[in-house]
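On the provided structure of chain A, position chain B as indicated by the hints.
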Amino acid sequence: MTTKKTKSGVSRRTFISAVGAAGAAGAAATLSGLSAPAVFAQGRRKIRFLNTETSIDSLRALKVAAAEYERVSGTEVVIDSVPLGDAFTKVTTSLRSGSPYDIATLGFVGHVLILAEGGHLVEVNDLTDPYDWGPNILFPINGKNYWYPFDYNLSWIYYRKDLYDDIGLSVPTTWDEFLSNAQKLNTDKRSGSMYPIGSNGATNWMSTAFMWADGVDIFDDNWNIVFDQGDNAKSVVKYLDFFAELYKTMPIGASQASYGEMLSNFASDQIAHSAYAGRLIEAIERNSPDLADKFGIMPYMDSSGKGKAVNHGYDGWVVLNTEASEESMKFMRWFTESQFINFLHTAPLHFQPPRLDIYDDQRWRAHPLIEKYADIIETTQSFLTDPNVRVTSIDTQGPVPDLRPGKVFESFAIPEMLQKKCLQGLSSEDCLQQAGEAMRKAIA
Amino acid sequence: MSSKATFMSFLVIGLLITVVLIAAPVAYAISLSFYSLESFIGSPQWVGLDNYIRILSSSEFWNALKNGMIYSLATIVLQVVIGIGMALLLNQIFVGRNIVRGLSILPYLLPTVVIVLTFKWMVDGSIGVLTAGVEAVGLPPIHWFESPVAAMSSVILVSVWLWTPFVTTSFLAALQTVPASLYEAAKVDGTNAVQRFFHITLPMLRPVLTVIILLRGVWMFNKFDVIWLLTGGGPVQSTEHLAVLSYTTAFAKFDIGTGAAIATISFLILSITVFFYFLLFPLDKE
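So the protein sequences, as listed, match chains A and B. Oh and the first sequence: position 64 is 63 in numbering that gives the first Met the number 0, straight run, nothing missing. Oh and the second sequence: position 196 is 195 in numbering that gives the first Met the number 0, straight run, nothing missing.
Some clues are possibly wrong.
[To be verified] To give an idea of the chain B side of the interface with chain A (calculated C-beta under 8 Å), a few residues: (1) I40; (2) H142; (3) D188; (4) G233; (5) V235.
[Said to hold, decoys possible] Think about it this way: if two alpha-carbon atoms lie no more than 20 Å apart in a straight line, the pair counts; the simulated EDC-like pairs of lysine to aspartate or glutamate are: (6) A:K440 with B:D188; (7) A:K440 with B:E134; (8) A:K89 with B:E37; (9) A:K188 with B:E134; (10) A:K247 with B:E134; (11) A:K293 with A:D374; (12) A:K307 with A:D401.
Since the hints were made in silico from the structure, they are not lab data. Even for Gly, the Cβ is constructed at its ideal location relative to N, Cα and C.
Same shape as in the complex, but just chain A (with noise of 0.2 Å):
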């Protein structure tokens, strides 16, 4: 084969070569990046954003305020979204293998709490600071804020309002009121009540919230286990005792009911008595809109008439302390005073403002569905600045925020002890003594 040279004295296939490597390199830098313009790359900055709301208008809220941030300041913030369930454990992860997200949300004051001591948060008081918030929503650790709370997430009691109405039945202030009311609007055609009793954290969630009514404490200050003692445990057997009638006016399958069970059957008429938060009146709203005026809400109740209670179950942001920390504050005080209320709007009646000012900003009221609802939000505002509402959750019980309540939570003790009596039979003595043992071997 002959080798012809060019002018320059190169030979043509050196040429070729010469120009064909170029170009191949040319092609990997702009696959992998490398040909970006300097000037962009430098200036170019990203934050990770874990969110866990997961409904079609959170996300597209939290994609508009992205794009909207990027615009502004000039920094991407890349949303990633999962289930609630799964966001610690895809922190954790993100830590491991050394690329964390930025901010994160998360639904549990006790991975607040191995994040916080670990080293791997920020701590966020300059953004929560300047605003009152309601009861036991901040979980401060050594006096510093470690998450930003959005929603209360309570979990408190419905009632068919016009079946109240139709056979003058009263609001109830007492568990046996409420069991006889349960009672009277059991029919072949509509369920009395329905409250889960599954190993999950429905149950913790819906199901406890008579017991913190009736004063029942779950430990002492020194973090012993006291809910199988003196009047805890007095309280909690008569707790069980109610609840296993209570149980006889639930449809089959309460052992299994979860959110969306609770969510179907009080919105397709076929229960009485349920409980969740606002999302519920969502659901109404979307599928049940004939049922809108025929439903009311009230606290748990204790058994003599004069404790109330609600259950948390709280949702907020974090931010981690990674190297992007400096520019996830500044999204995050962006983000919460520019946009907030957008979010908040996007489960309007379901996300409850831990932030008492909220209540009073007319472009939160301005949405129509809280507009509908000002009753109902009067209510469930009451519940924060009551002092005779408790606002508690097996998670959040102890003197301080602490990872042993969370230990408590997820042995599912409680689940169980009321699977034993109204599955089991069990005597409600046998019942409170197997859970306060399995409370103590969780946290052991």
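Coordinates of chain B only, in the frame set by chain A:
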């Protein structure tokens, strides 16, 4: 490239993939079982065999092992018996056979989560179509999940429905390899259908049967999704098996070391079982 080089390159690639995707994660999981740690970002503390001692002395572990044995044995037996029956039926000549064969594999093609959620809504105590059907014909309501026996039966039922098509398809394929002349000769000798099944079909399908039982056994013992989605291990831990117990211990109860110990014990149980299975039913002699 020489055949030796080809062999070596495939071997190296296979070994690399095995090490990276299987051996390393298994080794990491086993190493975790000797530590105490609440999350993947915590500081692990060496505890030696403490996690194993604690879990082996807990009633939850033995209950989960018992549940896993009941679940896997029941589902394997039912899948194999029904699967063989279905395969024999589908091996007959009838109108629309190809359509029926196609439909019979449908449950296996559907995602588990779809199957489970559909089943849960079908048996919903208020609005389930099966509940309404039972009520319409005047029968008492069925408590699908309200007792330990009912809950275990329900997860077995769904699992059998979901994975029997795999057995059916495998047997159906194997049936095509049985020479028709054997059946014809047996018929000439005056055998009936049952005799032909036990003396020709079953012996001819024994290698397939051995592999299917092994595969289904391993899969069912480790099967997590159906039980997790259907009952979450309840009620009162009556359907909680080792896979569920390992998951909840590691990821919900903030005890990754013990969760890893449960997974390691489960792995050992399966490995030993498979070893003895191959001793009893050696494939190379089939």
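Cross-check of the supplied hints:
1. I40: Hint holds; I40 of chain B Cβ to chain A Cβ min 5 Å, cut 8 Å.
2. H142: 6 Å, holds
3. D188: 55 Å, violated
4. G233: 4 Å, holds
5. V235: 5 Å, holds
6. A:K440 with B:D188: Since the Cα atoms of K440 of chain A and D188 of chain B sit roughly 68 Å apart, the hinted pair is violated (cutoff 20 Å).
7. A:K440 with B:E134: 43 Å, violated
8. A:K89 with B:E37: It holds: about 15 Å lies between the C-alpha atoms, which stays within 20 Å.
9. A:K188 with B:E134: Roughly 12 Å separates the two Cα atoms, so the pair holds.
10. A:K247 with B:E134: Status holds; Cα separation ~18 Å.
11. A:K293 with A:D374: 13 Å, holds
12. A:K307 with A:D401: Between K307 of chain A and D401 of chain A the Cα gap is close to 25 Å, so the pair fails against 20 Å, i.e. violated.
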